[in-house]
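So the sequences go chain by chain: A and B. First residue of the first sequence: 1, per the numbering used here; consecutive thereafter. First residue of the second sequence: 1, per the numbering used here; consecutive thereafter.
Do not rely on the hints blindly, as some may be mistaken.
[What the hints assert, rightly or not] Derived pair list, reagent style BS3-like, types lysine-lysine, alpha-carbon separation capped at 27 Å: (1) A/K12 - A/K135; (2) B/K12 - A/K84; (3) B/K109 - A/K51; (4) B/K116 - B/K12.
Hints were generated in silico from the structure; no laboratory data involved.
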Amino acid sequence: MQYGRVYFEDVKVGDELPPLVKGPIQQIQLTRYAGASGDFNPIHQDDEFAKAAGMGGVFAHGMLSMGFVAQALTDWAGAGTVRKLGVRFAALVRLGDVVTCRGRVLARSSRADTHLVDLEVWAENQRGEKVVAGKATLALPSRV
Amino acid sequence: MPIPINTGVVGKEYPPWPVTVERGRIKDFARALGDLNPFYLDDQVGAASEWGDIIAPPTFAASFRDERADSGALLRDLGVDISRVLHGEQEFESHRPLRPGETYLCRTKVLDIYEKTGRSGPMAFVVRETAITDRAGEVVATMRHVTVVRL
Numbered sequence: 001m002q003y004g005r006v007y008f009e010d011v012k013v014g015d016e017l018p019p020l021v022k023g024p025i026q027q028i029q030l031t032r033y034a035g036a037s038g039d040f041n042p043i044h045q046d047d048e049f050a051k052a053a054g055m056g057g058v059f060a061h062g063m064l065s066m067g068f069v070a071q072a073l074t075d076w077a078g079a080g081t082v083r084k085l086g087v088r089f090a091a092l093v094r095l096g097d098v099v100t101c102r103g104r105v106l107a108r109s110s111r112a113d114t115h116l117v118d119l120e121v122w123a124e125n126q127r128g129e130k131v132v133a134g135k136a137t138l139a140l141p142s143r144v
Numbered sequence: 001m002p003i004p005i006n007t008g009v010v011g012k013e014y015p016p017w018p019v020t021v022e023r024g025r026i027k028d029f030a031r032a033l034g035d036l037n038p039f040y041l042d043d044q045v046g047a048a049s050e051w052g053d054i055i056a057p058p059t060f061a062a063s064f065r066d067e068r069a070d071s072g073a074l075l076r077d078l079g080v081d082i083s084r085v086l087h088g089e090q091e092f093e094s095h096r097p098l099r100p101g102e103t104y105l106c107r108t109k110v111l112d113i114y115e116k117t118g119r120s121g122p123m124a125f126v127v128r129e130t131a132i133t134d135r136a137g138e139v140v141a142t143m144r145h146v147t148v149v150r151l
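Bound-form chain B, shown alone:
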């Protein structure tokens, strides 16, 4: 029997959360990918660049989390266990690179949940979007995240 999923979560907006980008986190993230680009790792190269500092790699915002909240909120809302989830799709739209020392505000909303039956059985697709704004309220980046739940 497939497990049920709480589709009532569609439309839910999570409380906005601030993220201050730490220099070391950018470097750890780039190094974890094995990406040794000096524009991410070398403060001197960053200082001499058009941005005046190092910048974050394109997928860095995936590491943004609400440090005040527990990490299981979405799964609890959906009523599913972490062992059933897979990452289906991910999209980033970036207006300018994320930089160390900046504080951004992130707002996540559940846009849609739809079900499909694949080769491995019934699945639900949970679509979330996170808007990332700077102190002036301008959108710097947007992430779209599709989580697959094996039902």
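Looking at chain A on its own, in the form it has when it is part of the complex:
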């Protein structure tokens, strides 16, 4: 469901996010992300530099994958719902990799007019290896 709207009452612990598949990652996307984010570390652009640094070649900005995870959340729940998103970058994303973002509802709570849903979130590559892992909290609208 793209650009969805999810109400607090409709969410259950254990619910899974619709997976968001991104990629295959191309150099042009890393260049574009560098321009948009201001992160011009040559390790994401210059293969020789990345090899000389001992990284075996160019890899994606961690923040690109984190942005994908954020998109998986907002595609499901709606823009402006993310209150917290924290991740660890667990493995490098390489050119040609396909990144699938996933999530699962861990808890839900309400206090006054604020309705929060906690999720575990992660992204994996085409071999099923986690490249990003973390947690998110969304503030959702209520039907009542």
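Given chain A's structure and the hints, the job is docking chain B onto it.
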């Protein structure tokens, strides 16, 4: 031999810097992610929304930089080369979405540096936090950033 890192940077606060969010930067950022959500890209959808304008995607504040300063200040303070750094962890806490035309003030502080030995050898973890406040001085968002230095 592992390289040394200047742990004296712990506690350092960088001079606060203002960021005025430009509409086009929000759209470029969303498009760079391949996120075509109309609440980030379409001014009409934004105008009709609860925020009255487009909003920035959740990780947009990662693009905030002190445009007056050179970008290598932290690495120079740590005494490490850019080829040795990786992004270890990142966290955003958001009280409300960032919006175009708003001017925010960002304050970054180095909270901690700790060392660990991983599979690939000794590493230092540099923890920074950036508080983002609006014109009224209210905190709109906080970012926590963990940089890994391969020693």
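Q.
Name the hints, by number, that the structure is in violation of.
A. Hint 3 alone not satisfied by this model.
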